[in-house]
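Engineer: Residue numbers (my numbering), protein chains in the order written: chain A, 61 to 142; chain B, 20 to 427.
Read the hints as simulated data drawn from the structure, not as lab findings.
Possibly wrong hints are sitting among the right ones.
[To be verified] Covered stretches of chain B (chain A as the covering partner; in silico rule of three or more C-beta atoms under 8 Å from a C-beta of chain A):
{"no.": "1", "stretch": "150 to 160"}
{"no.": "2", "stretch": "168 to 175"}
[Stated by the list, open to error] Stretch by stretch, here's where chain B covers chain A in the computed footprint (C-beta under 8 Å, at least three residues):
{"no.": "3", "stretch": "74 to 82"}
{"no.": "4", "stretch": "86 to 92"}
{"no.": "5", "stretch": "134 to 141"}
[Stated by the list, open to error] Across the chosen pairs, the derived CB separations fall in these ranges:
{"no.": "6", "chain 1": "B", "residue 1": "I248", "chain 2": "A", "residue 2": "Q91", "range": "47 to 55 Å"}
{"no.": "7", "chain 1": "A", "residue 1": "V97", "chain 2": "B", "residue 2": "T77", "range": "14 to 22 Å"}
{"no.": "8", "chain 1": "B", "residue 1": "L90", "chain 2": "A", "residue 2": "R69", "range": "43 to 51 Å"}
{"no.": "9", "chain 1": "B", "residue 1": "D178", "chain 2": "A", "residue 2": "E136", "range": "20 to 28 Å"}
{"no.": "10", "chain 1": "B", "residue 1": "V396", "chain 2": "A", "residue 2": "E136", "range": "48 to 56 Å"}
{"no.": "11", "chain 1": "B", "residue 1": "G215", "chain 2": "A", "residue 2": "D107", "range": "46 to 54 Å"}
{"no.": "12", "chain 1": "A", "residue 1": "V65", "chain 2": "B", "residue 2": "E187", "range": "44 to 52 Å"}
{"no.": "13", "chain 1": "B", "residue 1": "S300", "chain 2": "A", "residue 2": "G119", "range": "38 to 46 Å"}
{"no.": "14", "chain 1": "A", "residue 1": "E136", "chain 2": "B", "residue 2": "D190", "range": "30 to 38 Å"}
{"no.": "15", "chain 1": "B", "residue 1": "Y134", "chain 2": "A", "residue 2": "Q96", "range": "24 to 32 Å"}
Cβ atoms here follow ideal geometry from the backbone N, Cα and C, with glycine treated the same way.
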Amino acid sequence: MREVVDDIRVGVIHGPGGRIQPVWFDLQRKQHRIQQVTNSWRERRGDVTLIYFHVIDEGALYELVYSPSEAHWCLEQIEALI
Amino acid sequence: MTRTIMHIDMNAFFAAVEQQSNPALRDRPVAVVGSQQRTIILTSSYEARKFGVKTGMTLYEARQKCPQLQLVKANNRLYTYVSSQIMLIFQDYTPLVEIFSVDEAFLDVSGSLHYFGSVERIAYLIKSRIKARFGITCSVGIAPNKLLAKLASDMHKPDGLTLVRLDEVRDLLEELPIEDICGIGRKTTQKLNLLGIFTCGELGRFPVVKLKQKFGVVGERLALMGRGIDPGAVLSPEQEADVKTVGHSMTLRKDISLREDVARFLLQLSEMVGRRARRYSVSGRTVTLSIRYTDFSTFSRQQIQPAPISRSEEIYHAALRIFDRLLLTQPIRLLGVRLSNLQHRDCQLPLFLEERRREQLTKFLDRVNDRHGEFTVMSGSLLSVKGKGSHVISPAWRPEGIRNIGVR
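This is chain B alone, in the form it adopts within the complex (with noise of 0.2 Å):
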């Protein structure tokens, strides 16, 4: 049975969020930047794109770009909101619906075409509900797989509807270069040069024997991708596999490279990653450093724990003892800290007093900062740290569950 899948992509959601909230930014070049000090463009409205204003330019460059441009301070509490809310949307015509990232989703609609008429009349549905109640406009791609799905949405912008049909597929994809499908990076991208291929049509005529001795299990899923092919489904969140690890990084605000300031950090985003993990009642054996140094060269060193651990100061002393092993040869420009090997945690007491006591502790502060926010009560050498908590919204970030990581 041929499936019907949709994708929608919000139209440079964060400067469209902030062009509704202030009408005074309406029609205008605006860009969203980080609310950090090293910050880039994050993204613009079309009226930026116009002069040259593109996603990773640094402030200069885009100022260079579009002189007029506005500047506003990303609000990641908003775009969730606003996120959250048309997601709902979505529910209202099929249950599958993949939430691809904070403004992307995939949506099956194969079951609810009966109930709408037409897949046309539902792609319309949702842009008029989205454009009628935050007046933001979307791009949906229609197409029997995800992959083509999101290769139709990515071919009208802004506020476009694509749909592919099964015997177009072949024509579509014959003179489109390889880089234009979603999960062919650069790398890949590279490496298929080398090899003659430019186009998917290329791509999908090359033996499939090759690719696998190049790429190994990956080869026959690029033959596939050629060829328009993804049998992938779409998955609820309910159906989305379980969380392997919980993690968080920060770019800091400068340099660094003494131990203490390190330690500082560490200590936040152990408390970061120990709320999420304690939250959600899971604990994890293994703890991961990762560094970004000044030259962007980035590298991660793991410890196994003798048991699993959820409390932040056990997280935090796991990630201080690797730093403590390295030997800098650079200053840090990003830290993360990641707990992974997740189990469940059972709910039995301690069989030690002063365990015990810990874990009651945790519980407490967990239950204040709970109720009055993040970092409410919190070790006394946070208290001088500034900005503290994420600020950046994951890829990985959904609406609900473990994946639901408050931003600021």
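Just chain A, with the same shape it has in the complex (with noise of 0.2 Å):
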């Protein structure tokens, strides 16, 4: 199952060093909180750098994607776990 949410809001713990952990995002008017970061890096596209979060909730894998430039978050749903 593949659903991409442009522009959505996402609860974070900024850590030192400019760290930054997801804790929540809302989707489809429903908090999900996050039980687990898989795994997170970060790319370079041209000028902006964008950084990526794979998460689990109780029932699926999500890939958060942050712009730090823009301070905006979008997400796709990558598989259902259940």
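Work from the hints to combine the two standalone chains into their complex.
Structural biologist: Following this line, the structure appears as structure tokens:
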């Protein structure tokens, strides 16, 4: 299942050294608690750096993408796990 | 065009599967051992590796290193099932998936990059999906060819991702010991060392002519390996060369010397070989018997049959004929039976009634065993044999086709 949602609300903990950790996100009027961040990495697209997070809630694996320059999040559901 | 090849290696695969299926084993030193009596450590969890537990150790040695080590009997069916599911995930990113073993695969993602954005994203998608669904980590190596991708995946373990770019290859290989390259084994390393070659840099610079004199056709390939060149393509199962042999071997619970004991194991092995040959409609003209003595010295003898065979009793009689010509010098530790010189069986019915009856009986027995499991119907002399069937996942195991060897 793939579903891309642009401009979503994400709750984040900002840690030392500019580290960010997503904690929850809103999708279809429901708040999803992130249980685990399986992977995260940075990618440069021209002048823009994007930060990718693969996260798991209780039922699916999602990809959250953060653009620091625009302070903007988008989300893609990768796989239902149940 | 530069290719983008990925090598994916599951970290401590068997142990990780066990830790996921039994939460009590998580974060603990765990070692997986064979299901047979005379066994060694097949693999161990990273927690056990910290204590020095290694693959191939005896149980005694492993317990000396780590007294709290939890031993788990191998569950080969579970491992092959999880492996098949993981290999299906790979197919979502490219059809060019070459299964290297039960826990390793090569992917050629050169044609898929524009669909997914970047090779790193493909790698992380695969890693995350495997971790989310099975709780298992894997190490990924990305490089312009299979040789370098395999090398890269070994560089960061566990849960690593290493990208080797074309312009980094020379520096990477310059001081790299030759034995770190996949395909250069212990014996080749010793021979290369005698020529004064210890690093890949030295191997790449060594005159190809001299390497060819020493190693024959392999010499040229060694020279390429030293320079990080591997023209080999990633072959999907459909592209892999046809299987040339069908064989099974087994390490025996205890060493044997008596003919009747050998005959019983040969019958069992012949049944396993015959079943697999018949399932995939092949028969073979050459039967090979392999024997390993107690001192681990191993040899094979073969016999060409007048016509291609696939019935278990024909394979058995051929193997026994080979055995009867041998003069044993030591008790036997391992026995193997192999059918080669294969050809696809035609469907022509045998001319003679007796032969036709045998063929029908074999078909009927196969159908029963297909439906109710291997060795449901078997020769009476196998009734007393414990632990029938394959207990080891062969390196040639594949999720489908003739290389899909059922394990217990």
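Engineer: Each of the hints needs a verdict: does it hold here or not?
Structural biologist: Evaluation of the provided hints:
1. Residues of the stretch 150 to 160 of chain B with a Cβ under 8 Å from some Cβ of chain A number 3, which satisfies the need for three, so the listed coverage holds.
2. Coverage of the stretch 168 to 175 of chain B by chain A is violated in this model, with 0 residues showing a Cβ closer than 8 Å to a Cβ of that chain against a need of three.
3. As drawn, the stretch 74 to 82 of chain A meets chain B at 0 residues by the rule of a beta-carbon pair under 8 Å; below three, the given contact is violated.
4. For the stretch 86 to 92 of chain A, the stated coverage by chain B is not satisfied: 0 residues place a CB nearer than 8 Å to a CB of that chain, which falls below the threshold of 3.
5. For a cut-off of 8 Å, the count of residues in the stretch 134 to 141 of chain A with a CB near a CB of chain B stands at 3, and the three-residue condition holds.
6. Checked against the given bound of 47 to 55 Å, the beta carbons of I248/B and Q91/A, roughly 53 Å apart, stay inside it.
7. A hinted range of 14 to 22 Å for the beta carbons of V97/A and T77/B is inconsistent with their spacing of about 40 Å.
8. Remark: the range hint 43 to 51 Å for L90/B to R69/A is upheld by a beta-carbon distance near 49 Å.
9. Look at D178/B against E136/A: about 22 Å separates their beta carbons, and that is inside 20 to 28 Å.
10. Between V396/B and E136/A the beta carbon distance is about 53 Å. The supplied range of 48 to 56 Å therefore holds.
11. Judged by the Cβ atoms, the range 46 to 54 Å given for G215/B and D107/A holds: they are separated by roughly 50 Å.
12. With their beta carbons about 38 Å apart, V65/A and E187/B fall outside the hinted range of 44 to 52 Å.
13. For S300/B and G119/A, the hinted distance range of 38 to 46 Å is satisfied, since their beta carbons lie about 44 Å from each other.
14. For the hinted restraint 30 to 38 Å between E136/A and D190/B, the CB-CB distance of approximately 37 Å keeps it satisfied.
15. Distance hint check for Y134/B and Q96/A: the Cβ-Cβ separation is about 26 Å, which falls inside the suggested range of 24 to 32 Å.
Of the hints listed earlier, those the structure fails to meet are numbers 2, 3, 4, 7 and 12, in rising order.
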